[in-house]
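Top line first, the protein sequences correspond to chains A and B. Here the first sequence stands for residues 1 to 357, numbered as in the UniProt record's numbering. Here the second sequence stands for residues 1 to 357, numbered as in the UniProt record's numbering.
It is worth saying that the hints were derived from the structure and are not from the lab. Note that the structure is a prediction, hence the values are computed from the model and not measured. Worth double-checking, as some hints may not be accurate.
[Said to hold, decoys possible] Covered stretches of chain B (in silico footprint by chain A; criterion: 3 or more residues with CB under 8 Å from a CB of chain A, positions within the stretch not fixed):
no., region
1, 329–336
2, 350–356
[Stated by the list, open to error] On the chain A side, residues computed to face chain B include the following (Cβ under 10 Å):
no., residue
3, Ala177
4, Gln193
5, Phe313
6, Gly327
[Said to hold, decoys possible] Residues on chain B that point at chain A, a partial pick, calculated with CB under 7 Å:
no., residue
7, Val36
8, Gln193
9, Ser194
10, Val196
11, Trp204
12, Gly309
13, Thr310
14, Thr312
15, Leu315
16, Ala318
17, Thr319
18, Asn324
19, Gly342
C-beta: ideal position from N, C-alpha, C; glycine also.
There are 2 protein chains.
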Amino acid sequence: MNDADKPTTDTTTTTMDEIRFAVLGTGGIGRRTLDVSKQKPELTPVAACDRHGVAIDHDGLDVDELLSATEGNIASDGGTTAVKESGENKGVAASSQAVSTETPIDDVIAESDAIDAVLIALPNFEHDFIPRVADRFVEADYSGVLVDVLKRSRVIGMLEDRTDAFESAGITFVCGAGATPGFLTGAAALAAQSFVTVEEVEIWWGVGLKSGYEDNRGTVREDIAHLPEYDIETVREMSDEEIEAVIDEHDGVLEFHDMEHADDVLLERAGICDAEDVTVGGILDVTSDEKPTTTTVRVTGTTFDGERGTNTFELDDATSMEANVNGPALGYLKSAVRRNRGGEYGVFGPAELLPGF
Amino acid sequence: MNDADKPTTDTTTTTMDEIRFAVLGTGGIGRRTLDVSKQKPELTPVAACDRHGVAIDHDGLDVDELLSATEGNIASDGGTTAVKESGENKGVAASSQAVSTETPIDDVIAESDAIDAVLIALPNFEHDFIPRVADRFVEADYSGVLVDVLKRSRVIGMLEDRTDAFESAGITFVCGAGATPGFLTGAAALAAQSFVTVEEVEIWWGVGLKSGYEDNRGTVREDIAHLPEYDIETVREMSDEEIEAVIDEHDGVLEFHDMEHADDVLLERAGICDAEDVTVGGILDVTSDEKPTTTTVRVTGTTFDGERGTNTFELDDATSMEANVNGPALGYLKSAVRRNRGGEYGVFGPAELLPGF
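Model the full structure from these sequences, guided by the hints.
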């Protein structure tokens with residue numbers, strides 16, 4: 001936070017294309033987003049935090065230093081146990097650009113006048129956690145973009161309840177902007193364009209997560225909550241050992257059907273189809289980096305001339321879940337900044353950010 | 001044009017979602033766009049014209065009347081022969097809402113203060129025809145959206161040359177917003193999101209156009225110009241009989257490779273890949289309504305973690321070329337109006353209207 005004393009007004013003027021963004025949470029998604037953003041000069045990461053540390057530099061964080069200082073230094077449990085340590089500080093605080101703090105999100109909020117967009121890459125073990133984080137930005141009169149990568153349908157309603165508050169504050173909130181919901185929701189919206197009515201959207205994903213497992217423990221934990229025997233509350237209370245036991249019971253391969261993934265309500269919001277016509281399922285294999293099944297989006301509908309058909313979008317098995325989150329999350333973030341600068345506030349799903357008839 | 005005497009100021013105030021649009025050209029694409037727009041209450045068609053007639057009603061055209069009055073009444077040759085007639089008037093003029101005119105485009109331009117978007121659904125037999133149409137809107141101080149469904153790469157450059165003029169006038173010009181370029185360009189941009197570098201985009205289309213042939217003679221003529229033995233100048237001079245002879249020579253099935261389709265420059269504009277890495281080809285069968293080959297977009301690239309893969313988007317064979325133009329054209333039009341109202345002017349391709357990293 002070596003620029004904390006510098007007046008931020010110098011850096012608040014940007015062109016349409018320049019985006020200064022913050023990342024809340026430096027687990028797998030947060031870290032990779034910082035990393036991938038280096039490829040785009042118009043994206044400047046200016047803040048990152050985890051539960052114990054915050055790094056802020058309005059001229060742009062040194063992402064390489066931050067990531068290497070905090071390598072393997074990730075909280076995996078959403079808050080119930082201490083983060084791992086490397087070096088004398090915990091988590092983000094291990095970076096020379098960071099300071100320890102008890103109030104990481106407030107510290108970012110305090111600097112948010114000079115932040116265009118915030119990626120909330122925090123696990124959402126309590127349904128209202130991300131909505132409550134958004135409330136804090138509203139209370140601080142933040143005007144800008146908030147993006148999350150949440151999965152559960154029910155959270156969308158909680159965010160929608162805040163639409164008036166977001167509109168008053170000037171916040172453009174994009175929810176579900178990861179892989180699914182996110183990338184695949186957008187693919188469904190695009191594939192739907194052949195049709196005047198859509199009767200079914202089937203999203204089916206495969207994830208091979210052997211070498212990426214350590215970096216994505218939070219995601220795996222959230223996935224387990226989708227198994228019929230578990231829910232988000234029970235999973236939150238489970239120890240890492242108990243999570244491992246569930247994985248072992250399934251020989252490392254977990255199959256999911258009828259998941260509560262927000263693709264359904266997000267496609268309904270965009271006018272593509274009814275939420276009940278969307279199904280999401282998939283297979284997670286933590287024993288291999290190979291995908292156990294091909295990630296596919298199938299959209300079935302009827303054309304203006306009365307023909308029924310199914311358009312299909314398939315991701316190559318070589319593209320990892322990680323690869324399919326990074327690009328879309330930053331892409332949706334950029335679209336949201338454009339909307340925000342155009343004066344469009346409130347709640348948006350990925351499908352609403354695509355051109356749609 | 002029964003509202004011509006009415007002050008247009010009553011109708012110039014709209015909400016963010018309401019769009020009053022005009023269609024230049026009432027061939028297959030123009031007619032179907034008018035037809036499909038009926039499904040969306042926020043889209044109000046207020047003007048339509050062909051070479052000899054213009055219909056304008058700022059409260060909304062009666063699309064059913066217009067289409068039934070002009071059924072089978074379509075110019076197919078881009079201007080070299082007379083349109084067919086049904087009833088005592090020619091073309092659009094056969095509608096009770098229309099009047100005959102020698103200056104159809106100027107008549108629409110004269111009313112353009114109350115028009116948010118104009119779909120230019122005219123065949124582009126001279127490369128600079130659509131750019132010159134745009135010039136006329138610029139000269140008339142039109143501020144709003146222009147959308148075309150052109151195909152040729154070289155036209156994009158002519159439009160880009162006009163960027164300053166569009167920006168001064170307040171025009172948001174979307175080029176290549178049909179099926180390909182258009183729908184498939186957008187699909188390629190979306191499929192590219194797994195990758196940090198894209199090495200190849202392959203667009204391959206199939207069109208079965210037996211029963212739709214009469215309505216799409218202009219499109220077929222343009223396609224023939226892509227055969228190695230022909231070019232746009234020679235095809236423009238050919239009679240309908242000569243076009244038929246070419247089709248017969250190929251037994252009604254025309255196969256195209258390395259087409260000059262603007263997907264290439266439009267993907268480059270959006271930063272997806274180099275234009276030279278995009279190939280477009282396909283098969284047109286005018287003897288059957290079945291597609292002779294499946295329309296497919298393949299995007300090959302490398303992920304942030306160094307994996308190489310190919311994402312694939314496939315349209316069901318049951319979706320006609322027509323179905324794959326209507327939705328995207330109107331979807332891009334709506335996106336462009338949003339941009340225009342947000343103050344973004346200049347030239348945009350379909351891929352630039354999608355969220356993109």
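>> Restraint: Trp204(B) near chain A, CB-CB cut 7 Å. Satisfied or not?
In response: violated, 15 Å
>> Hint validation: Ala177(A) versus chain B, beta carbon distance must be below 10 Å. Holds or violated?
In response: Holds: closest Cβ of chain B sits about 9 Å from Ala177(A), inside 10 Å.
>> Under 7 Å is the threshold here; is the Cβ of Asn324(B) close enough to any Cβ of chain A for the hint to stand?
In response: holds, 5 Å
>> Tell me if the interface restraint on Thr310(B) is satisfied: Cβ within less than 7 Å of some Cβ in chain A.
In response: At 5 Å from the nearest chain A Cβ, Thr310(B) passes the 7 Å test, so the hint holds.
> Against chain B, with CB atoms and a cut of 10 Å, does the hint on Gly327(A) hold up?
Replying inline: holds, 4 Å
> Minimum Cβ distance from Val196(B) to chain A below 7 Å?
Replying inline: holds, 6 Å
>> Tell me if the interface restraint on Ser194(B) is satisfied: Cβ within less than 7 Å of some Cβ in chain A.
In response: OK, holds: Ser194(B) within 7 Å of chain A, min 4 Å.
> With a cut-off of 8 Å between beta carbons, are at least three residues of the region 350–356 of chain B near chain A?
Replying inline: holds (count 5)
> Under a C-beta cut-off of less than 8 Å, do 3 or more residues of the region 329–336 of chain B approach chain A closely enough to confirm the stated coverage?
Replying inline: Since 5 is at least three, the answer is holds.
> Does the interface hint hold: is Thr312(B) within less than 7 Å of chain A, judged Cβ to Cβ?
Replying inline: holds, 5 Å
>> Does Val36(B) hold up as a contact with chain A if the rule is Cβ-Cβ below 7 Å?
In response: Holds, about 5 Å.
> Is the interface hint for Gly342(B) satisfied, with its Cβ closer than 7 Å to some Cβ of chain A?
Replying inline: Holds, about 3 Å.
Figure legend: structure checked against the earlier numbered hints; the only hint not met is number 11.
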